[in-house]
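Novice: Chain by chain, the residues run as shown.
Number of protein chains: 2
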Amino acid sequence: MTNTSSSAFPARGSTADIEQGLTFQPKFDADGLIGAIVTDMTTGAVLMFAWMNSEALRLSLDTGIAHFWSRSRKRLWRKGEESGNTLAIREARVDCDQDVVWLRVSVGGAGATCHTGTKSCFYRSIVAGSGEPIRLQRDDL
Amino acid sequence: MTNTSSSAFPARGSTADIEQGLTFQPKFDADGLIGAIVTDMTTGAVLMFAWMNSEALRLSLDTGIAHFWSRSRKRLWRKGEESGNTLAIREARVDCDQDVVWLRVSVGGAGATCHTGTKSCFYRSIVAGSGEPIRLQRDDL
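The listed protein sequences correspond, in order, to chains G and F.
Numbering follows this note's numbering, in which position 125 of the first sequence is assigned residue number 125; successive positions increment by one, without gaps.
Numbering follows this note's numbering, in which position 42 of the second sequence is assigned residue number 42; successive positions increment by one, without gaps.
One chain only, chain G, in its complex shape (with noise of 0.2 angstroms):
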């Protein structure tokens, strides 16, 4: 287990509960974890996806600038301590099932999101019909 403190957010209600109600109540998976798809709030454009444990989903909230778990360095993450590169979070909303959640955000900074010094995580697109091996293309977002 990555995180012990799931219980910062509320148990888990019926299907209907957490489909159809108003109360936010996250999954976290087996190892404590809820993914977070990041686009960018002006072009739309898929940034990233990262995990986030519950201290870092409650920052993130309570805060408005994203902070994930890295699963690689096993610690807290606040995107862009480093970089400069923040990210600051416009709109934050949930899936059906509440297990992903979805942070539309404006980018700080440079305007780099991956780590590769890449607006977007999502650099390359996977070419149709391009035989075996299946071929990239570069081509920045």
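Misleading hints may appear alongside valid ones.
Cut-off 30 angstroms, straight-line C-alpha distance, at most; resulting in silico cross-link-like pairs (BS3-like, lysine-lysine) [claimed, not checked]:
{"no.": "1", "chain 1": "G", "residue 1": "Lys119", "chain 2": "F", "residue 2": "Lys27"}
{"no.": "2", "chain 1": "G", "residue 1": "Lys74", "chain 2": "G", "residue 2": "Lys27"}
{"no.": "3", "chain 1": "G", "residue 1": "Lys119", "chain 2": "F", "residue 2": "Lys119"}
{"no.": "4", "chain 1": "G", "residue 1": "Lys74", "chain 2": "F", "residue 2": "Lys27"}
{"no.": "5", "chain 1": "F", "residue 1": "Lys27", "chain 2": "F", "residue 2": "Lys74"}
{"no.": "6", "chain 1": "G", "residue 1": "Lys74", "chain 2": "F", "residue 2": "Lys119"}
{"no.": "7", "chain 1": "F", "residue 1": "Lys119", "chain 2": "F", "residue 2": "Lys74"}
{"no.": "8", "chain 1": "G", "residue 1": "Lys27", "chain 2": "F", "residue 2": "Lys119"}
{"no.": "9", "chain 1": "F", "residue 1": "Lys27", "chain 2": "G", "residue 2": "Lys27"}
{"no.": "10", "chain 1": "G", "residue 1": "Lys74", "chain 2": "G", "residue 2": "Lys119"}
Just so you know, the hints here were simulated from the structure itself, not pulled from any lab data.
Quick caveat, the model's predicted, so the values are computed rather than measured.
Put chain F on the given structure of chain G with help from the hints.
Specialist: For chain F alone, coordinates are given in the frame of chain G:
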């Protein structure tokens, strides 16, 4: 393991190759799954997030119609096979470390992606500063 055929994709190379290379070498997690973000090709809205095993990913890329792995039903799932709301993949992208794919789609049938009947699974926003428990607001996309 929910998947035993990840060998259908190339073995993973070096970090540089994964991040900067032009060969698709998806990373499946310990359960043999890779996450897929689905957005609307026209509006850019995030419609859903689901999981694929290697067979679902392969079928999605080969047919241009999104297939997933249902973790609850433990079976391959062609999205819309019952509802008719199939997802035609207009563009597929992959992130820096190739462990998440992003599908930009056109929704067939009645245009509902969510099993609850809404266009997007993300039909509720999280209300900042709404106290405890945190409140959601219904505002369909």
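Novice: Now tell me, hint by hint, if it's right for this structure.
Specialist: Results of checking the hints against the structure:
| no. | hint | verdict |
| --- | --- | --- |
| 1 | G:Lys119 x F:Lys27 | holds (22 angstroms) |
| 2 | G:Lys74 x G:Lys27 | holds (20 angstroms) |
| 3 | G:Lys119 x F:Lys119 | holds (28 angstroms) |
| 4 | G:Lys74 x F:Lys27 | holds (19 angstroms) |
| 5 | F:Lys27 x F:Lys74 | holds (20 angstroms) |
| 6 | G:Lys74 x F:Lys119 | violated (36 angstroms) |
| 7 | F:Lys119 x F:Lys74 | holds (24 angstroms) |
| 8 | G:Lys27 x F:Lys119 | holds (22 angstroms) |
| 9 | F:Lys27 x G:Lys27 | holds (24 angstroms) |
| 10 | G:Lys74 x G:Lys119 | holds (24 angstroms) |
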